[in-house]
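For reference, the chains in residue letters:
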Amino acid sequence: MADRIKLQVARYRPEQESEVTYDEFEVPCPKDWVVLDGLNHVKDQLDGTLAYRWSCRMGICGSCGMMVNGEPKLTCATFLSEYAPGPIRVEPLRNFPVIRDLIVDIGDFMRKLVTVKPWIVRDEERPLSAGEYRQTPQEMDEYKQYSMCINCMLCYSACPIYGLDPKFLGPAAIALAQRYNLDNRDQGAGARMDVLSAHEGIWGCTFVGECTKVCPKHVDPAGSIQRYKLTAALESMKSFFLPRGT
Amino acid sequence: MTPSHDVVLVGGGGAGLRAAIAIAETNPRLNIAVVSKVYPMRSHTVSAEGGAAGAIAPDDSLDEHCYDTISGGDWLCDQDAVEAFVKEAPEELLRLEHWGCPWSREADGRIAVRPFGGMKKMRTWFAADKTGFHMLHTLFQTSLKYASVVRYDEWFVTRLLVDDGRVQGVIAIDLKSGKIEAITARAVILCTGGCGKVFPFTTNAAIKSGDGMALAYRAGAPLKDMEFMQYHPTGLPFTGILITEAARSEGGYLINKDGYRYLQDYNLGTPQPQPVFRSMELGPRDRLSQAFMKELEKGRTIETPYGHVVHLDLRHLGERKINAKIPFVRELCMKYQNLDPVKDLIPVRPVVHYMMGGIHTDINGATPLPGLYAAGEAACVSINGANRLGSNSLPELLVFGARAGKAAAEYASLGLEINPRIIAQKTDEHRRLEHDLLNTKGKARIATIRDEMQKSMEASAGIYRTGASLRKGMEEIRRLQERSADLAIEDHSKTFNTERVSALELSCMLDVAESIVTAATRREESRGAHQRTDFPKRDDQRYLAHSLIYRNADGSARVDYLPVTITRWPPAERVYGEAKPHGGPNKATGSALSSGAGV
Amino acid sequence: MRADTQSNQAHVYTDYHPRWLRQRVSTYWWLEKPAYFAFILRESTCLFVAWFAIYLLLLINAVADGPAAYQAFMAWSATPWMILLNAVSFALLVFHAITFFDAAPQALVVHLGRTRVPGPLVLLGHYAAWIAASAAVVWLLVRGS
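So the protein sequences, as listed, match chains A, B and C. Going by numbering that gives the first Met the number 0, the first residue of the first sequence is number 0, and it counts up by one from there. Going by numbering that gives the first Met the number 0, the first residue of the second sequence is number 0, and it counts up by one from there. Going by numbering that gives the first Met the number 0, the first residue of the third sequence is number 0, and it counts up by one from there.
Don't read these hints as lab results, they were simulated from the structure. Just so you know, even glycine gets a beta-carbon here, dropped at the ideal spot from N, CA and C. A few of these clues could be false.
Only some residues are given here: those of chain B computed to face chain A with a beta carbon under 10 Å [as the list claims (entries may be wrong)]:
(1) Tyr38
(2) Glu330
(3) Tyr463
(4) Thr494
(5) Trp568
Pulled out of the complex, with its shape left as it was, chain A reads as follows:
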């Protein structure tokens, strides 16, 4: 097993160039090192100008998403040795505007997230003195999976629809909406329906399914979207046949 590996890192220096260039670096490759360790080695020892995001180094903060050999990955969870003998191409997350080097702007998601009202919506708030909302483990299982999203944006990078049409609401936002829709404490499904049933909401999705494949937390956003298509369709049928409610 080789003990060094080459990284081909995309660079974008907006103050100097208007295109992406690639720099090549050779880094050590022990079996415990992940791509992020390689990038840290570059920044610490070889080229201090390399800019990228990272924080927790354990796949929970969602900062370090990048394209590794064309696939969106968390670089803290991708071993260098997987790609031996290399070289490994490291690029900024696809489908987002690149600010600098490996840093992309996720403002679009942050804006969309707010529109799906990702909080508990109640007709009437329960006072603290009444204690907790009862929620059995089975009731929690209904939405638990969708609550695991770390907002890493890998799903948006994998989604070809989002790449072609940036107005699409996107996998993570819809999964988070479902997280609340399916939470038995929430009463806001109606409030979220307009945004979700819009043309750029769930109906923009054609079930490519790549988002679920790349999700490091097994959230299954594709599943959440298809489920909501059923819900939305039933709702519109209901409102058609029973316009005054059940």
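Given the coordinates of chain A, work out where chains B and C should sit on it, guided by the hints.
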């Protein structure tokens, strides 16, 4: 146009977001800014695993939670603050439940609690083993409801604006564009977290460089109890990834190279097949870390390419229990160390985890500097004293985040005028950050200085300290501070210049390191997480007090002491290992821990 | 505080910045990954589904027009191009059915009382229904002759 807000929160983690929500709810007319160097959901709160303590079980009581916290903190906790904390903790956790936090439940739908190290009763609320993640995302998503909360994501605060003896805002770099901006405010709350990155092996993320502590220190606010740095006894070597205490509370064993449960040699009880509260593997963190160091000295630890370790044995728990109760532990081990706890032993060593000390605040989060507040790990109230109990820091974020928020809101509502000349300070800062930093021709690489600082801190101010090691550490820090005045910065651009951010973080870390070493040098006793082999006993006569470090005008440090507030629990010995329910201290055989912090 | 703010206007996220690089998606994006290609292929099967529907309508029409029209239709169907077309269509239709069924467990979450029906069972249910329907059709055709 200079942005101006009523309250500016620096840091968007658990404490910062809770404070923002508290202000938005109690005082909707105030305009709030959350300024964070990362997006809020990246804050380090996200990585907390084990749980949050709140006394709700019918057989539990607030007084017992108080006692556990105070004795765990080796009597350095301010007892009035602890009493307020344990009372408000269950309320805050319940409020979070109402906001959607997915606390794990019993079969009937009620909130479940589990045992945790140092707690005598089961009172730790948990959300599987991703409690911090769920808490942070619940807080973040709930904060999106409020139109009065404006966020400045990826803005790095470089300085507090102080004028007329009051804090009146901050100066920050908008990382995206590199623009340097002054943001004025009537009150500023620092919620920037701890400073684990000052040490080489830490569970802390890259972002935890003690920025807020340095900001407060430089502005004239004192730092308190900085010598108390907590080691978590079970972290993965190399990455420092935390293996949560829950792995031990579910029944894991710590064994040395002979497969022996070595904790029984250190007055922590006798080994039982099931976990026993406050005994053996569920003893307090500082005692467990100290036991590791002793085993290391005796040559009973296992050597690996990343240093010495002991083993955490979970194999006897079985696959089903591991997948149900601690799935994240299994996931972490498989993903980052390539081993399976169901079949393998996990290599662990003590890693720096939490800073008990921080910016000195009162029970409402106010620092002595008017207009400046602090909450969370960045602050020191103190409820954690000399050693924090596991699952106390997450409720601390909520309780004191809310308190600091409300206090800052009250202060901001006084409507004190912001002096317009304060904006002029921006020019100085602009010159420092643009001209001085970006045009250095220095030779010292940031990473080199950082590595040397970390190694020096581990050697001089680690688990065991001596006067000599601390003095040596201080000399090293001074040398490093000199060298860091002339850094080699290759990145001269403005757009998202992360090298400049690293340089600024390094200077914060050096200030914090200096305060840690200074405080540790002055405290000539051993208490909780601060262990001096040259002063092995606890000295309540001289040191039942918090250390306060102030920066003098010439840059040197001055240390004062502030007596601990005692209400109902007079100082006693810290005792662990009571295997019997009626028990008094266990008469353990074998060599006891040479440090005298309790028996 | 009631959660009725539509969106938090106070958060300012720039849509566009002159120096941010937006990389164009190539027209041939669907050739870049096998998964994308499989997706496009799956979607394109709709054309062949449409073709079979039309073919079925033409068949019904021919039957309605009497034995001569029916014979002409059969002759036309026997030409090599038609056989090729129908063979390819059939293969793609099976592919369509399989990929459609594979998607079902993700999209269809069925509850029996409190328990959730596991995904594989939902899948099995679809195949069972398909086989049952096909068996019924075959029986109808065979018993007629």
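Hints and how they fare:
Given the 10 Å rule on beta carbons, the hint for Tyr38 of chain B holds: about 7 Å separates it from the nearest Cβ of chain A. Checking Glu330 of chain B against chain A: minimum C-beta separation of about 8 Å stays under 10 Å; hint holds. A distance limit of 10 Å between C-beta atoms decides the matter here; for Tyr463 of chain B the minimum to chain A is near 27 Å, and the interface restraint is violated. Interface restraint check for Thr494 of chain B: the shortest CB-CB distance to chain A comes to about 5 Å, inside 10 Å, so the restraint holds.
With a cut of 10 Å, the hint placing Trp568 of chain B at the interface with chain A is violated, because the nearest CB-to-CB distance is about 28 Å.
Of the numbered hints stated above, those contradicted by the structure are hints 3 and 5, listed in ascending order.
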